[in-house]
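Those protein sequences? They're chains A and B, same order as listed.
Here our numbering is used: the first residue of the first sequence is 1, the next is one more, and so on.
Here our numbering is used: the first residue of the second sequence is 1296, the next is one more, and so on.
Bear in mind the hints are in silico, worked out from the structure with no lab data behind them.
Errors might be hidden in some of the hints.
To be verified - Simulated DEER-style distance windows between Cβ atoms:
| id | chain 1 | residue 1 | chain 2 | residue 2 | range |
| --- | --- | --- | --- | --- | --- |
| 1 | A | R776 | B | D1310 | 55 to 61 Å |
| 2 | B | D1351 | A | Y574 | 49 to 55 Å |
| 3 | B | V1308 | A | S564 | 26 to 32 Å |
C-beta atoms are modelled at their ideal positions from N, C-alpha and C, and glycine is treated no differently.
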Amino acid sequence: MSQLLQQQQQNQHKDIRTSIQSWATPSVLVITSPTVQKQFKRMSHSLIDILTQYLEKKKGNRKRRETVSDDIKSINISIDTLFLLLLLLASIKVGESYYELNDFKVNFITLQQLEQTSYDTILKDVAASVDSLATDEYCSNVDIKSKQDVPYFNKVCQDPTPWFERYRHQYLKSLKCNEVETFAHPIACLLIASVEDPNPIGMLVKMFEPSKPPSIISQFNIDPNIPKIHILAHSENTESEKRLSEMKNTFGANNSYLLRVNQKEDDGGLSFDPTANLASNPLNTIINDLITKHIPPYIEKSISELNENITANKKSFFSKMKVSLRIGYKKNEKEGDDKESSTSTSIPVETCLRRLSDLYFLLQDYETALSFYRNLSKELNSDKSPNHYAASFEMIGICNFMLNKETDAQFETALNGYQRGNLNVCAVRTTFIQGEILKRKSNFKMLADLYKTMAERENLDAFCAAILLEQAGFCLLQGQSPSFRKACMRIVLAGDKYAESSKRKHALRCFRFSYSVYEGRDWMGIDDHLHLSLVRYSFFQGHTSDALRFINKLLEKNSQSFQSQNSIIREFLYISKSYTKDNYIGELPIPVIANDRITVLLSDYTSDAHQQVWWSDMEEAFKKEASIITKPVLQGFDLWKRDLFIEVEKEKTIVVEEPITVDVEIRNPLQIPLQFNSVHLVATYKSPDGIEESNMSPLDQVQLQRMENGELPFKVETIDILLGPSETKKLKFSIIPLKQGLLNIRGIGLCMCGTIWGKREFKLKQKRLNKTKTQRESISYEQNLSLTFSVTSPMPRLEAQFVDFPSSICFGEMKQAKLLLKNCSNKMGLKNVRIRISHPTLVCFGSNNQDACILNSLNSSIQLNSIELTAGATVMVPIWVRGGLSVGKYTLRCLVYYESESGNTDLKYRLARCQTDFEVRPSLRISTFSQQSSTDLDAYLLGLEVDNPIIGGGGDVFFLKQISSISKYWKIEPLSYHTDVPNSVILTLHPGQFTNLFFRITPSIKPTAALNEEKGGDQTVTNISFDKNEPMYDSSSFPVYQFLDYEKLAVADQLHHQQLQLQQQANKPNTISNNLGTGNEHHNQLDLMLFWESNSTSKLGTVSSSNSQHQPTRMGVLNSTSISFLPVHYNDPLLATPWGSWKNTTSPTGKTSTLHIDPALKFQAPIRYQILTPDSTIKHNFAKLSICTMPLKLQLSNCSTHQTLQLIVDTLLPHENLDAQSQSTSQYFWTGITKHSVQLSPLENIELPLNICFLQPGTFNINRFKINIKINNGDVSKDIYTTVQNLINVLADDQ
Amino acid sequence: MKKIVCVAVVGKVNDPLFIHDYSGGSEENRLKLNYIVHCSLDIIEEKPGAKKVGNDMYLGLLYPTEDYKVYGYLTNTKIKFIIVVMDSTDIKDNDIRQFFKKLHVLYVQTTSSTFYKPNSKIESNKFLNNVTTIVQTL
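Chain A with its partners taken away, still in its complex shape:
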């Protein structure tokens, strides 16, 4: 029921008629003696309170009362402390007309209320009465961004401003403008005195003497002859009855009442009790009597009096008009009527008219009232008394409205009049009423203008103006063509006005609503204004995050002037300081952080992406080695499911008490310098038990002290900075975790301008997840873990550093250096040190054969077995560096792996990095070529071309010192000399020079098939020193031999890669020569080392031998690995020219060039052959025997250890041309068996007998045969023509 009641009350405000009626309600004055006041005060309840209580309870039983009592139709009480309202039935007879008012209401007012201090107070109270209705937004989730949104908004949000009607109602009800109207004039008076007053009766008389009424009564020309009801308040006083009879004697029986006040009870026993008998309730009786017995006669009386007054005046009106424009007087009549009025100033006719019409209006006789108001308006002059004039027109309008007639013109006149008379309060009232009328006509355009014009009047109450502007705004949204921009402007202005009247909630709502229209449209001036307001009021309303959002927007454009930015910042600091707890604001708007440039520096990880590429391979390899992660190898169909195998990125593991360094770039976006104090990292820490801690609070002295004491799980360093206008600074922050757990660096905390603490969080870029269907459909991001660390128990920390590493090294040069390993931990030792190097062939660890740590394959790491570092220990690892890379600049990266002595489950191992830059400079170049010896089937020729490629001076001079060959089966011996180098010049290479050296390769042991199978045979090392006086280098020892091995590994690796590439490029089979060759699996190989020395370390100037003595001698080794010297054959007779293979093997560039020979014509086969002639000179007597026949032997040898060769030796017929150019047929021919077919098993030698016939003397080249070779049962079949001359001199012996 109470809900229903409330609803009715709410709806009551919406009806403007109710509002008008509640405004035009007669009042009853209540005057109490001071004792009574005191009495009520003592009881902790004032009289008003008690009456309120009394009536409140009465209200609750309203329905019941209606059934109980017929004469009280309804009791409707406003809980307002100002007015006590009663709705009663009143029957009033005026002349012939008889009014029965169902809704007769009375306001009880005190003298103070009648006096009505100022309009401002009233307006303030009225405004306060709607405070509870203020909302945060007009309609949740509906913004107007464009014209299209307007209809939807209107549909969804029917009543965006529920407070407006309530305000209007309160406004109309509360505003009593006694200057121009008489509605507030009391029509009765309650006088209350107490028995305890010394002379209660006298007091009652004094309270309202008709001859000497309270000043307010005379001030407003209120009729002092209103009915008075005298009440004596008593508390169980026996004298009361006596007093009552005295009162009755003095004031008349009808005007005197007793009111029993029980002082023991809080409410004086006066609270309304519906169950009690109505008649026994003294208040009820009094009020009933008041309404039914006292007021109606008074109204009747005063109406008739006023009528008489006016008619009397009218007689003299026209004559008086001529005399003066002033309002006429009617002294005579007044004097005649009663003596009191004669003492007061005489009442002008307009006042009478007004009072009369107001009385009719009170009686709800609008027709009569209207006619009297019309008369009144004629009496009044719009210039002399604009307010009265306006008020009369207002009333005409209202009467017309009440009678449902046209009204507009009257209200306009009224508004103009009020404007002239500066009576804004009434003008607003008129506006409200006219507005309602316009609204009913749906004339929104005019309505908006009306409200707006009114709101823009000077000196108007700000809240009132705000309400009007807001309404004007919403009116503009209505209608056929809503002007939403204009509407928003009105609402913004309303917001300003609300702000002016300190209604912050209203103000914020207005700004927020309008913001959607301007948002993101670049209306700079408007944006700034709105943003600033939004910041302010968001703060006031406690929406700190919104405030920050808007201040961000405000500042991000940076469009304001220096001064305004300064004031914005000041205001921001001031507001945030006064509206935040502990001076901590949370997220600050400035400075700007370059989120994409945040870098984390850890000893174990790099964040530099450019560097990371190089390290990650090595790191990954260590991971694999430590078998922490085994990435599945995906093939074929697995690739479809590869998403499932992608390793989830984990947070990095760091070690407790080791600092994390974060590089952050911060920028001041403003044009003013900004100061930030105690800038530090903020982080959240989660302990293994799940307890979270963070330092997102001011880092004040207390907090600093706690941090120093180690009470926090981590420690941060602070920096003070001053950022100039638009300045960017790169700062290095560090944080030291002190406990194990999960540490997440969130951003930076800072104290802005020494005033307000806040933080700026990092916003790291997150990867969009796109793996599963749900991820694809929704927008979800992967967590960025680059600033999340899992803190683990202490681990030793190793630092590695290269010592004496040459910054520049010649190609092949060998130098000693050191790697310094230092255990930085002073608590625990470390073990199991392993090393990976970006260029593994460059460095050999160890100083001699004993302590060498050798790499077995390029992909493995080097384990430094002997090294275990105790706490704080330092060790130097000797290393050999050899310039084994092609010329250029390099960065050597070294990754050191180590494990804690005590072990750590979270972090099995740690890695230390060190790197150094070096340059490889050119030294000598070496190229080799080889060929089968033409004199010995087992021997080969090795040519060596050494080349100092620096041309144009400035290069070093190199001295060749020693050559060593390493091979299983072969050794070398100098070919060009026997014991000593004949001329040492050939061994000194100045820049641009080159030299050729020749060696014979002879078998050191006869290879056998059995030996071949036995892989691990000893290597034969041949050292040939070019200077007998100097000690020789041991080419089979560390590190020379190891570097050779490394180089072989590198070459093999490179070959492997090339082959892979080739296979990828084309699926076609390899070239024939590759097929033909026996591959790399043959034993005709040797490795060559050329030792050189150089005295000069400077590139400048020529080298003089005297100087060079003082400089350290540098030495180097040039390796030429896997020189293969298989026999080369030609399968085209055209190429079978002498020394064909020699032709272009040497060149100043040092490269053997065989480009002009089609590689398809050249092939390697493991066969060697040789013509054995008994004698190179034959004497034959051709005269005696015309044919000279000679037996020859063709020696054939299979060099292969595993291949069987099938050979067909065929001699050529004389007419068969061997050489197209010579055109000559042969002068000799073969006899006997001219074709042999043989099979050669591995390493087999055979001699075939051949016979040759000469017909004349001369010199003959025995090359006219070809060998057809079939390898592996005819897989490959080739014809071989000899390229070697076998000359036979046939002399004629005539004797």
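Assemble chain B onto chain A, guided by the hints.
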């Protein structure tokens, strides 16, 4: 007394390309002019539907406020030119029409620049100077 207090160029999507206050008034006044220009867009949006005669891009008086009169001009590419004129001054409609034509020419010249990004703010000083010149001639 200056006649024109504000000149604005508003882009296709009702974003301001150029707005300059010639009133020399306070910050508050400038804000008010901003709002007036913004509000006039409401009226421009309604206008072409009702009245679009031939090639005339001049929209005439958009609305009078108590202190100002607002005139508008809408190009075929939906660029709006808006000027706010003191209400007290008496300017012939034809003069305003001429002014808009000149302004249009200036706009075209400026936006034809290779370095001007279409639909972005006009930051050309030359444009500002030229507009100031024609504002003073009116």
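Checklist entry - Is the gap between the beta carbons of R776(A) and D1310(B) within 55 to 61 Å? => result With Cβ atoms ~35 Å apart, the hint is violated.
Checklist entry - CB of V1308(B) to CB of S564(A), is that within 26 to 32 Å? => result 28 Å, holds
Checklist entry - Do the Cβ positions of D1351(B) and Y574(A) conform to the proposed distance bound of 49 to 55 Å? => result The hint (49 to 55 Å, Cβ to Cβ) holds, given that D1351(B) and Y574(A) are roughly 54 Å apart.
Checked against the numbered hints above, the structure breaks only hint 1 and satisfies the rest.
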